[in-house]
Amino acid sequence: MSPTDHSAPPMVRVVDLHKQFGDHEVLRGVSVDVAMGEKIAIIGPSGAGKSTLLRCINYLERPQRGHIFLDGVLVGERQENGHYVQVSERDLAPVRAQMGMVFQRFNLFPHLTALQNVAISPHRVLGLPKAEAESRASELLDKVGLSGKTHAFPEKLSGGQQQRVAIARALAMRPKLMLFDEATSALDPELIGEVLEVIRTLAREGMTMLIVTHEMHFAEDVADRVLFMDDGVIVEEGGPHVIFRAPQHERTRAFLRAVLQR
Amino acid sequence: MSGFARFWEILIAKLPVFLPYLLKGALVTLKITGATLVVAALFGLVLALMQRSRLRVLGVVSAAYIEIMRSVPVLTTLFVIYFGLASIGIQLPSFIAAVIGLGMLGAAYMAEIIRAGIEAVHHGQREAAVSLGMTPAQAMRFIVLPQALRVIVAPTANYTIGLLKDTAIVSTVAAPELLFAAKTLVSQTILPMQVYMLTAGIYLAMSWPLARAAHYLEARLSRGV
Chain A
8 MSPTDHSAPP
18 MVRVVDLHKQ
28 FGDHEVLRGV
38 SVDVAMGEKI
48 AIIGPSGAGK
58 STLLRCINYL
68 ERPQRGHIFL
78 DGVLVGERQE
88 NGHYVQVSER
98 DLAPVRAQMG
108 MVFQRFNLFP
118 HLTALQNVAI
128 SPHRVLGLPK
138 AEAESRASEL
148 LDKVGLSGKT
158 HAFPEKLSGG
168 QQQRVAIARA
178 LAMRPKLMLF
188 DEATSALDPE
198 LIGEVLEVIR
208 TLAREGMTML
218 IVTHEMHFAE
228 DVADRVLFMD
238 DGVIVEEGGP
248 HVIFRAPQHE
258 RTRAFLRAVL
268 QR
Chain B
12 MSGFARFWEI
22 LIAKLPVFLP
32 YLLKGALVTL
42 KITGATLVVA
52 ALFGLVLALM
62 QRSRLRVLGV
72 VSAAYIEIMR
82 SVPVLTTLFV
92 IYFGLASIGI
102 QLPSFIAAVI
112 GLGMLGAAYM
122 AEIIRAGIEA
132 VHHGQREAAV
142 SLGMTPAQAM
152 RFIVLPQALR
162 VIVAPTANYT
172 IGLLKDTAIV
182 STVAAPELLF
192 AAKTLVSQTI
202 LPMQVYMLTA
212 GIYLAMSWPL
222 ARAAHYLEAR
232 LSRGV
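If you read the protein sequences in the order shown, they are chains A and B.
In our numbering, each residue carries its 1-based index in the first sequence increased by 7.
In our numbering, each residue carries its 1-based index in the second sequence increased by 11.
Calculated directly from the structure, the hints in this document are not laboratory data.
Be a bit skeptical, because a hint or two may be false.
[Said to hold, decoys possible] Simulated DEER-style distance windows between Cβ atoms: (1) A:D238 with B:R65: 31 to 41 angstroms; (2) A:E197 with B:R231: 27 to 37 angstroms; (3) B:I107 with A:Q71: 49 to 59 angstroms; (4) B:R67 with A:V22: 30 to 40 angstroms; (5) B:A148 with A:Q71: 25 to 35 angstroms; (6) A:R252 with B:R67: 49 to 59 angstroms; (7) A:V22 with B:V83: 53 to 63 angstroms; (8) B:V72 with A:S95: 17 to 27 angstroms; (9) A:Q27 with B:V72: 28 to 38 angstroms; (10) B:V83 with A:S95: 30 to 40 angstroms.
The beta carbon of each residue, even a glycine, is placed where N, CA and C say it ideally should be.
Next up, chain A with everything else stripped away, as it sits in the complex:
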């Protein structure tokens, strides 16, 4: 496990986050600090608010209350005369560029090759010359084990390969933080391993990560800290050995019993 620096200010600070869709309160006051280099697994039943928490961190969903800081900088808001004011989608772009997000459904761009999928944001967002963006993309595809697929379109790739391209695409922006939103949930069982292996490599390299997952053994293995969420709150958090071996809360125990028996 890589060292985690708790003396530095947190890479991510989430303060009292509330989010509701219509009448349904999905997040009911979530606060968490993530240190630089820390790997956090978020587990819990579906509907617990895990994905919504991740999506709020990069403001794909705008929370109704609470604040998010990335490396000390407010995300999605600015302060004006002591008040918090929401910023436009356009002004969100530079801060989103510092966070990589990997989606359950991959969301690769189907009209672009694997290489173009990875190169487009360094080229268009960071302004790198095309050749430089493509050489960065090609290195990253190599890193995720897809150097032979650079010119393949997504529809020609397996789910596991698509998700590895998606990870390379997020890494191409050299993010400070990676958000994995159930990255293996849409994959056939035999393809899950190759994606988890890539995430494991990133973990070893010290990438700060928030990982929403249903892969309990993976979570136990990779995470420095595990958050158990249910019904819009963090019910329990702690080191993986505590959460998985000796959970304090009855809801955590019930959830783990249910998923580990399957």
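Given chain A, work out where chain B should sit, using these hints.
Relative to the frame of chain A, chain B by itself:
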């Protein structure tokens, strides 16, 4: 000699005169169609983007425009632009008036086609784009619109075929297109059957390849969507 045989005899005799004259009109028809398509597509794109704007007033203006244009006969629009404007001192050339009149209606159709195309692109595509740090405009330009294009091409081709035929309407404002050329020829020769049949044949010769192209594109682009 039967009327039928006589019809053919005259048609063949007059063909060397009629055909070049009508083809000159057909060329204008193609020019009006092309120019209108460009106007309709560009203005239609603006209308479609207005409907997606966070400024709600833009969406309302766009929706109202589309509703109005689809409710008013294009002939009326055309007369307002050509005769109406002339009466208050703005005399547009008939070609320009034709392109504006047809383009104003066409933009309403193209806006709906483009809007449907944009909506056909999964919202996850836009999310992935902005999560990489693209602005909404970059996400639209580099990710959403190129994919929407695959959905837009076939209905646009169908609209173009309709447009090619609808250009006949602008003969009423003296734009020298195919039907106007035909009418002129009829008034000079008093041979309506020959002239109009030949005219119909020229319209068919222009529309049919377009319809085949539309069909081909539809089949080809629907793969993988």
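Exercise. Hint by hint, which ones does this structure get wrong, listed from lowest number up?
Worked result: none
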